[in-house]
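Chemist: Going letter by letter, the sequence shown gives residues -26 to -1, 1 to 151 in mature numbering (1 follows the signal peptide of the UniProt record, and there is no 0).
Among the clues, some could well be false.
[Said to hold, decoys possible] In the DMTMM-like style, the derived pairs of lysine to aspartate or glutamate whose C-alpha atoms are separated by at most 25 Å in a straight line are:
#1 129 - 40
#2 52 - 132
#3 113 - 4
#4 130 - 4
#5 32 - 131
#6 112 - 4
#7 46 - 66
#8 24 - 2
#9 63 - 26
#10 24 - 40
#11 46 - 109
#12 129 - 109
#13 67 - 26
#14 50 - 114
#15 129 - 100
#16 129 - 114
#17 52 - 40
#18 130 - 55
#19 67 - 114
#20 135 - 2
#21 112 - 2
#22 130 - 109
#23 13 - 100
#24 5 - 131
#25 63 - 11
#26 32 - 109
#27 130 - 114
#28 19 - 136
[Unchecked claim] DEER-style ranges, computed between Cβ atoms:
#29 8 - 94: 49 to 55 Å
#30 19 - 68: 32 to 38 Å
#31 115 - 93: 41 to 47 Å
#32 143 - 94: 32 to 38 Å
#33 46 - 122: 18 to 24 Å
Hints are computed from structural coordinates only; laboratory data are not their basis.
We put the CB at the ideal spot given by N, CA and C, even for glycine.
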Amino acid sequence: MKNLITITSVLLLLVVTTSCSSVRVASDYDKQANFNDFKTFAFYKTGIDKAEINDLDKRRILRAIEAELLAKGFTKSKNPDLLVSIFTKSREKVNVYNNGFGPYGYGWGWSPWYWNNYNTVSTSTEGILYIDLIDANKKELVWQGHGTGYLSQNKKEERIKEFVTKIMEKYPPGIEN
């Protein structure tokens, strides 16, 4: 019985952890901007250098953004229409799971599992990636997308691609995929 409760706790923790694996995205844009005018892009080094992540992850993000923009028909240029910048935030979350039910382990009354009350504690990192598109001529932000989700050391490159793909689905504005 003790093994059954332990297995159930672990399975429940896995379900909760995997259900949080999706990326939530949102975007905002300048309603006056004509997005059909933007055909070329370059990375805005000044903004990217300020992103507080390691250089490996920065390169992963930039490669993923470049691939998405190229797929949308953009061309990388030294004289771009758009400048691309990124910004990141992260926070550590502590998750506590207690399998006890009520003051006596199982609702009101006596329970044979009263003394088998298990707590499971885990931590996870929730990250936010912002992608800014800046009109290179006016030096004004014209579009911003951001994605929020849980990060993982496993399959990091795939997770970064997922973040960027989901965010860039919102560009150009008005076209929902």
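Chemist: Please verify whether residue 112 and residue 2 have alpha carbons no more than 25 Å apart.
Modeler: holds, 18 Å
Chemist: Holds or violated: are the alpha carbons of residue 46 and residue 66 at most 25 Å from each other?
Modeler: Outside the cut-off at roughly 34 Å; violated.
Chemist: Can the suggested window of 18 to 24 Å be confirmed for the beta-carbon pair residue 46 and residue 122?
Modeler: holds, 23 Å
Chemist: Holds or violated: residue 67 and residue 26, Cα atoms, limit 25 Å.
Modeler: holds, 19 Å
Chemist: Assess, step by step, whether the Cα of residue 24 is no farther than 25 Å from the Cα of residue 2, and give holds or violated.
Modeler: holds, 22 Å
Chemist: Against the 25 Å threshold, does the CA-CA distance of residue 52 and residue 40 hold or violate the hint?
Modeler: OK: residue 52 and residue 40 at ~14 Å, within 25 Å.
Chemist: Against the 25 Å threshold, does the CA-CA distance of residue 130 and residue 55 hold or violate the hint?
Modeler: violated, 31 Å
Chemist: Mind checking the alpha carbons of residue 129 and residue 109 for me, to see if they're no more than 25 Å apart?
Modeler: violated, 34 Å
Chemist: Just to be careful, I want the Cα atoms of residue 52 and residue 132 compared with a cutoff of 25 Å; is the pair within it?
Modeler: violated, 29 Å
Chemist: Residue 129 and residue 114: Cα distance at most 25 Å?
Modeler: Not OK: residue 129 and residue 114 at ~35 Å, beyond 25 Å, violated.
Chemist: Measure nothing beyond the straight line between the CA atoms of residue 19 and residue 136; if it is 25 Å or shorter, mark the hint as holding.
Modeler: Judged against 25 Å, a Cα distance of about 23 Å means the pair holds.
Chemist: Run the distance test for residue 46 versus residue 109: straight-line Cα separation, threshold 25 Å.
Modeler: Between residue 46 and residue 109 the Cα gap is close to 17 Å, so the pair holds against 25 Å.
Hint violations for this structure: numbers 2, 4, 7, 12, 16, 18, 19, 22, 23, 24, 25 and 27, all remaining hints satisfied.
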